Amino acid sequence: KAGVTQTPRYLIKTRGQQVTLSCSPISGHRSVSWYQQTPGQGLQFLFEYFSETQRNKGNFPGRFSGRQFSNSRSEMNVSTLELGDSALYLCASSLVVGTSGGNNEQFFGPGTRLTVL
Amino acid sequence: AQSVAQPEDQVNVAEGNPLTVKCTYSVSGNPYLFWYVQYPNRGLQFLLKYITGDNLVKGSYGFEAEFNKSQTSFHLKKPSALVSDSALYFCAVRPYNQGGKLIFGQGTELSVKP
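As you go down the protein sequences, you meet chains B and V in turn. Per the working numbering, residue 1 is the first one in the first sequence, and the count goes up by one each step. Per the working numbering, residue 118 is the first one in the second sequence, and the count goes up by one each step.
Hints in this document: simulated from the structure, not taken from any laboratory. The structure displayed is predicted, hence computed values, not measured ones. Quick reminder that beta carbons are idealized off the backbone N, C-alpha and C, glycines included. Mixed in with the good hints there might be a few duds.
To be verified - Result set (DSS-like, lysine-lysine): computed pairs, CA atoms no more than 30 Å apart in a straight line:
| hint | chain 1 | residue 1 | chain 2 | residue 2 |
| --- | --- | --- | --- | --- |
| 1 | V | 230 | V | 166 |
| 2 | B | 57 | V | 230 |
| 3 | B | 13 | V | 166 |
| 4 | V | 175 | V | 186 |
| 5 | V | 186 | V | 166 |
| 6 | V | 139 | V | 230 |
| 7 | V | 186 | B | 57 |
| 8 | V | 175 | V | 230 |
| 9 | V | 166 | V | 139 |
To be verified - Where chain B lies over chain V, by a calculated footprint (3+ residues, C-beta under 8 Å):
| hint | stretch |
| --- | --- |
| 10 | 161 to 174 |
| 11 | 212 to 219 |
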């Protein structure tokens, strides 16, 4: 089975621009989560999508948004980029996760390295 | 507040020696606990998880972890370290009733020297 794929792997943008990152989950996985990884803040949860619905959101400003398509692929968008948005953005997928969270582990993609100049 | 703490930024071990990477957590209800490993310029790889049952959990690559409810700890262990185990290790907890959200510790850099 192919793993989680993320495109692009690297991005360089300037302040004020917007960016869209893409994630294709493992076949059969319906839950997709996004995380931001920075040296200072570590790994922080952005949001989770399940069956095209956002079911959980972390503490990020509204400039960060996402969506999920009927084939479970997901995109996240960051508008009006700031220098502090430079980070590794990780996508993770898992099997059906109930409201209790479930015990399914998440499988992570290689990430998209975003640099904001 | 729900949180995960990894008290050591770095752990240094000689090859062949046992290793322990520490993790403590604070979460309401019964937690689901996970360990992940990250190699340079790579995503996170799943190592093992604790859901319920036996307090000693065995995972990939010879790693195991011991769940201790009274100490709210979930330490990662390996009887004999390899140089190839050198990487960044993350402990994570999934709070109850928050979907798939994971709360991660700050990570521990493991360095295994020959």
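| message | Are any of the numbered hints broken by this structure? If so, which, sorted upward? | response | Of the numbered hints, 2, 3 do not hold.
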